[in-house]
Amino acid sequence: MDSTKVTTSESVSKKKGKTKKLKQKIKTDEAPVQEMEQAEIEVTENKSESGACFPPTFSVSEIKNKQRRHAMFLKLKEEKRKAPPKEVPKTIENQRIYDETTVNPEDEEVAFDEGTDEFSAYFNRLTNPKVLITTSDRPRGRTVRFCEQLATMIPHAHVYYRRGLALKRVIPQCISRGFTYLMVINEDRKVPNGLVLCHLPDGPTAHFKVSSVRLRKEMKRRGKDPTEHVPEVILNNFTTRLGHSIGRMFAALFPHDPQFVGRQVATFHNQRDFIFFRFHRYIFKNEKKVGIQELGPRFTLKLRSLQKGTFDSKFGEYEWVHKRHEMDSSRRKFHL
Amino acid sequence: MQHDDVIWDLIGNKSFCSYKVKTKTQQFCRNEYNITGLCNRSSCPLANSQYATVREEKGLCYLYMKVIERAAFPARMWEKVKLDRNYAKALEQIDENLIYWPRFIRHKCKQRLTKITQYLIRIRKLTLKRQRKLVPLSRKVERREKRREEKALIAAQLENAIEKELLDRLKQGTYGDIYNFPIHAFDKAMEKQEEDTESEEEEEEDEEESGTREFVAEDEFEESDLSDFEDMNNLKGSSDEEEDDEEVSSEEEETEEELEEEKTKAKSKGKAPLKGPIRKKRAYVEIEYEQETEPAQKSKAT
Chain S
1 MDSTKVTTSE SVSKKKGKTK KLKQKIKTDE APVQEMEQAE IEVTENKSES GACFPPTFSV
61 SEIKNKQRRH AMFLKLKEEK RKAPPKEVPK TIENQRIYDE TTVNPEDEEV AFDEGTDEFS
121 AYFNRLTNPK VLITTSDRPR GRTVRFCEQL ATMIPHAHVY YRRGLALKRV IPQCISRGFT
181 YLMVINEDRK VPNGLVLCHL PDGPTAHFKV SSVRLRKEMK RRGKDPTEHV PEVILNNFTT
241 RLGHSIGRMF AALFPHDPQF VGRQVATFHN QRDFIFFRFH RYIFKNEKKV GIQELGPRFT
301 LKLRSLQKGT FDSKFGEYEW VHKRHEMDSS RRKFHL
Chain Z
1001 MQHDDVIWDL IGNKSFCSYK VKTKTQQFCR NEYNITGLCN RSSCPLANSQ YATVREEKGL
1061 CYLYMKVIER AAFPARMWEK VKLDRNYAKA LEQIDENLIY WPRFIRHKCK QRLTKITQYL
1121 IRIRKLTLKR QRKLVPLSRK VERREKRREE KALIAAQLEN AIEKELLDRL KQGTYGDIYN
1181 FPIHAFDKAM EKQEEDTESE EEEEEDEEES GTREFVAEDE FEESDLSDFE DMNNLKGSSD
1241 EEEDDEEVSS EEEETEEELE EEKTKAKSKG KAPLKGPIRK KRAYVEIEYE QETEPAQKSK
1301 AT
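Going line by line, the protein sequences match chains S and Z.
Under this note's numbering, the residue at position 204 of the first sequence is numbered 204, and the numbers go up by one with no gaps.
Under this note's numbering, the residue at position 144 of the second sequence is numbered 1144, and the numbers go up by one with no gaps.
It is possible that some hints are incorrect.
[As the list claims (entries may be wrong)] Facing chain S, from chain Z, some residues (calculated, C-beta under 7 Å):
hint, residue
1, 1102
2, 1103
3, 1104
4, 1149
5, 1163
6, 1173
7, 1177
[Said to hold, decoys possible] Pairs of lysine-lysine, DSSO-like flavour, derived with a Cα cap of 27 Å:
hint, chain 1, residue 1, chain 2, residue 2
8, Z, 1024, Z, 1058
9, Z, 1020, Z, 1110
10, S, 217, S, 190
11, Z, 1133, S, 302
12, Z, 1022, S, 209
13, Z, 1146, S, 168
14, Z, 1022, S, 314
15, Z, 1058, Z, 1140
16, S, 77, S, 66
17, S, 209, S, 190
18, Z, 1140, S, 190
19, S, 314, Z, 1058
20, S, 64, S, 75
21, Z, 1115, Z, 1022
22, Z, 1133, Z, 1082
23, S, 220, S, 130
24, S, 130, S, 90
25, S, 217, Z, 1066
26, Z, 1129, S, 190
27, S, 308, S, 209
28, Z, 1171, S, 289
29, Z, 1089, S, 86
30, Z, 1082, S, 168
31, S, 86, Z, 1024
32, S, 289, S, 130
33, Z, 1024, Z, 1080
34, S, 190, Z, 1108
35, S, 285, Z, 1164
36, Z, 1146, S, 220
37, Z, 1140, S, 302
38, Z, 1129, Z, 1024
39, S, 323, Z, 1164
40, Z, 1110, Z, 1082
Worth flagging that the hints you see were computed from the coordinates, not collected in a lab.
Note that this is a predicted model, so its numbers are computed, not measured.
Yeah, the Cβ is synthetic: ideal placement off N, Cα and C, and Gly gets one too.
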């Protein structure tokens, strides 16, 4: 009913120049009016489509012909409603400068390297991890407790008090006693701030900066102490070649077969070159939902250097060293 | 000649001595040739003509003796004797050089030699042990790192990532048969259910609308604050045309839903939003308006 009214009014107000066809019609006879209208609408539409290359200063209000103007306006409105698709927001991860050492999962060279590097013994199930945790000289209470908690989390870990011994002398003794990892937590002003992780039978040595250490009792809503079950390991976002080797280092800390009964998981998550470590207990509520509860200490690591061979700071061969002036200049470049 | 007493009187007690350091309980002498380090009448190198010290340079001990005849040439006043590295021999050398000298100075020189050799030994021992290397931290850099770490932590969304990973592992079946969630069956059932519900919903809508038509009419009258002539017309028109369009409605319902947007545009009078709730209940009416070609014909008919 509305449409009928509209059409009649429009037909009345049409321009004479355009109404050659309509002049012939009678007002009361609505059918031909409607037909003509539609024809005109189509014509106008065609015209507008064909004449899409309007001058840039064109605006809808300049069309004198009311009907055509109306049609154009509706068309514009429709185009506006079909708005451009929502843009993807820029994040630092999106804008990250592409690292050419990013590992392609099917890369054969990398696979070959990993089959023959120092961790191949572990990944081929020839050795079981055994970790020795110690500190720098004269550790304070916080560091000692941190070491103890680490030892409860990592199976087959032993804490030894460092009595001013030189690491270079400690390492052969460890090897002879069958340790696969040496972990030294460096302390500064009563707070742990560094970690040296040395894979023992002539494996690489990684030196990390440790920050944001939270001991168990400082954590909110934490669960009970971790049990003796072997936890699972999650390694996230280790994409580059360097990241891969570090990831393997972490993976080799834990025994091969996690005991799913224990429902514990240790996570090393890399984000923007910071490695976040968390230790959780999980429970599957149903197949779409899992609940996690944090136990255990948490800390963040930042890789400072990776050295081939066991710990030798003077004469060791460094695979990668963090050079602040070169590497920290860009906010979008990450190395792990 | 040097008047030791006069000198001491002046610098020790009455006047100023630039080497003197005064504390609450004691006075120290900062003169590098002072044998004990205290400011005393017998220890002052300026106020004693006969004076000797033992000093150490780069691991070697030297015996310095003051030659008062050369007091006018301070640069050449002190005579230097290199002492043996062997402690016992060095002691003998001191005795030999300071023969006939006051007991006090001899004794203090030997004491000083002892102390020096002891600390030299300790230095050598310590250098063999591990040395602590102090690395300076740049405060600006530390602050920057801390801030970046916080931002990275927020970006990491750790809990979500861990949960996602665990669920992925569950789906892949790494956990074996521990958890008896029948995942695949569930997914299939879900898909089937979705298809069923879609088809059902459409049918239900038809039934509902046909059934509740009457109730809706009353609601419309209550809700519409704008007592529009058009609305009234709509209602009237709809009542007239319901019978006509019943058969058409079921076929065109889907197209109707698709063309809902176009319908609002076609009606430029701004009544579209009002017609929203009404639209759903008045399926029959809508057909008339949505298709631009049809309404003209239908209105023509009426």
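Tested hints:
1. 1102: Check failed: Cβ of residue 1102/Z comes no nearer than 45 Å to chain S, outside 7 Å.
2. 1103: 43 Å, violated
3. 1104: 42 Å, violated
4. 1149: Holds: closest Cβ of chain S sits about 5 Å from residue 1149/Z, inside 7 Å.
5. 1163: 5 Å, holds
6. 1173: 12 Å, violated
7. 1177: Hint on residue 1177/Z: violated, closest Cβ of chain S at ~10 Å, above 7 Å.
8. 1024/Z / 1058/Z: This hinted pair is violated, its Cα atoms lying about 34 Å apart.
9. 1020/Z / 1110/Z: Since the Cα atoms of residue 1020/Z and residue 1110/Z sit roughly 24 Å apart, the hinted pair holds (cutoff 27 Å).
10. 217/S / 190/S: 17 Å, holds
11. 1133/Z / 302/S: The hint holds at about 20 Å.
12. 1022/Z / 209/S: Answer violated: residue 1022/Z to residue 209/S is near 47 Å, above 27 Å.
13. 1146/Z / 168/S: Not satisfied, since the Cα-Cα distance of roughly 32 Å exceeds 27 Å.
14. 1022/Z / 314/S: 47 Å, violated
15. 1058/Z / 1140/Z: Answer violated: residue 1058/Z to residue 1140/Z is near 39 Å, above 27 Å.
16. 77/S / 66/S: At roughly 16 Å apart (the allowed maximum being 27 Å), residue 66/S and residue 77/S satisfy the hint.
17. 209/S / 190/S: 15 Å, holds
18. 1140/Z / 190/S: 22 Å, holds
19. 314/S / 1058/Z: 26 Å, holds
20. 64/S / 75/S: 16 Å, holds
21. 1115/Z / 1022/Z: 24 Å, holds
22. 1133/Z / 1082/Z: 34 Å, violated
23. 220/S / 130/S: 31 Å, violated
24. 130/S / 90/S: Given pair residue 130/S, residue 90/S is violated - Cα atoms ~44 Å apart, limit 27 Å.
25. 217/S / 1066/Z: 68 Å, violated
26. 1129/Z / 190/S: It holds: about 23 Å lies between the C-alpha atoms, which stays within 27 Å.
27. 308/S / 209/S: 18 Å, holds
28. 1171/Z / 289/S: 12 Å, holds
29. 1089/Z / 86/S: 91 Å, violated
30. 1082/Z / 168/S: Outside the cut-off at roughly 40 Å; violated.
31. 86/S / 1024/Z: Since the Cα atoms of residue 86/S and residue 1024/Z sit roughly 78 Å apart, the hinted pair is violated (cutoff 27 Å).
32. 289/S / 130/S: 34 Å, violated
33. 1024/Z / 1080/Z: The given pair, whose Cα atoms are some 35 Å apart, is violated under the 27 Å limit.
34. 190/S / 1108/Z: 43 Å, violated
35. 285/S / 1164/Z: 14 Å, holds
36. 1146/Z / 220/S: 21 Å, holds
37. 1140/Z / 302/S: Holds - the C-alpha atoms of residue 302/S and residue 1140/Z are around 17 Å apart, at most 27 Å.
38. 1129/Z / 1024/Z: 39 Å, violated
39. 323/S / 1164/Z: Violated - the C-alpha atoms of residue 1164/Z and residue 323/S are around 35 Å apart, more than 27 Å.
40. 1110/Z / 1082/Z: 14 Å, holds
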